[in-house]
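A.B. asks: Each chain, letter by letter, is given below.
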Amino acid sequence: DAKTTQPTSMDCAEGRAANLPCNHSTISGNEYVYWYRQIHSQGPQYIIHGLKNNETNEMASLIITEDRKSSTLILPHATLRDTAVYYCIVRVDFGNEKLTFGTGTRLTIIP
Amino acid sequence: DTGVSQNPRHKITKRGQNVTFRCDPISEHNRLYWYRQTLGQGPEFLTYFQNEAQLEKSRLLSDRFSAERPKGSFSTLEIQRTEQGDSAMYLCASSLGQGARTQYFGPGTRLLVL
Numbered sequence: 001d002a003k004t005t006q007p008t009s010m011d012c013a014e015g016r017a018a019n020l021p022c023n024h025s026t027i028s029g030n031e032y033v034y035w036y037r038q039i040h041s042q043g044p045q046y047i048i049h050g051l052k053n054n055e056t057n058e059m060a061s062l063i064i065t066e067d068r069k070s071s072t073l074i075l076p077h078a079t080l081r082d083t084a085v086y087y088c089i090v091r092v093d094f095g096n097e098k099l100t101f102g103t104g105t106r107l108t109i110i111p
Numbered sequence: 001d002t003g004v005s006q007n008p009r010h011k012i013t014k015r016g017q018n019v020t021f022r023c024d025p026i027s028e029h030n031r032l033y034w035y036r037q038t039l040g041q042g043p044e045f046l047t048y049f050q051n052e053a054q055l056e057k058s059r060l061l062s063d064r065f066s067a068e069r070p071k072g073s074f075s076t077l078e079i080q081r082t083e084q085g086d087s088a089m090y091l092c093a094s095s096l097g098q099g100a101r102t103q104y105f106g107p108g109t110r111l112l113v114l
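Protein sequences, first through last, are from chains R and Y. Just so you know, the first sequence maps onto residues 1 to 111 in the working numbering. Just so you know, the second sequence maps onto residues 1 to 114 in the working numbering.
There is no bait here: all hints are sound.
Residues on chain Y that point at chain R, a partial pick, calculated with CB under 8 Å:
#, residue
1, 31
2, 41
3, 43
4, 45
5, 48
6, 56
7, 91
8, 102
9, 103
10, 105
11, 106
12, 107
Over 12 Å on every C-beta distance to chain Y, these chain R residues come out as not near it, computed from the model:
#, residue
13, 14
14, 25
15, 28
16, 68
17, 70
18, 82
Note that these hints are calculated values from the structure, not bench results. We put the CB at the ideal spot given by N, CA and C, even for glycine.
All chains, full assembly: derive it from the sequences and hints.
C.D. replies: This is the structure we're talking about:
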């Protein structure tokens with residue numbers, strides 16, 4: 001799997017949009033970008049994934065650059081419950097069942 | 001909708017003892033995964049099952065570790081002769097289908113080896 005690079009930590013004010021960047025410059029054409037998060041003392045939780053196009057669901061939006069070498073996860077209206085470690089993972093969909101987590105970004109939502 | 005459950009949630013043991021953890025996946029999920037997470041690090045893949053077959057094992061899974069999923073439902077992870085370095089959170093996840101995009105994680109079992 002391609003390696004990802006994320007900032008160690010970020011702060012965001014409650015109610016504002018949280019933008020979490022991820023670099024994956026060695027991504028291959030068949031690798032998807034996944035985002036998971038882990039709230040303290042819980043297991044990781046799937047957020048969103050994408051291949052080329054921008055994606056949006058009820059939790060977040062994923063913006064992938066045209067060259068696919070980086071992406072941004074956007075939490076549109078951050079709440080205190082969004083405080084967590086966010087992991088950006090690059091993975092092929094078939095033939096590789098495991099998720100390879102890095103150290104992620106610790107996002108703190110400030111009241 | 002019952003999620004992935006793991007038992008026990010916490011385990012304290014003395015070095016050299018054997019421990020066993022249990023994972024109950026989401027009903028009808030045919031794939032089950034074990035991960036280990038140490039403090040400040042992301043989860044690391046250990047092994048996974050498709051139904052009762054163990055299809056992949058990480059090099060992290062030393063011969064003191066054994067995982068089973070005898071009937072393709074719940075799974076157990078046993079650590080024999082525990083060492084202090086085994087102290088970690090052990091996470092279980094499940095998914096449905098090959099190449100499933102979403103793995104659903106349980107709350108984990110936190111192991112402390114004294």
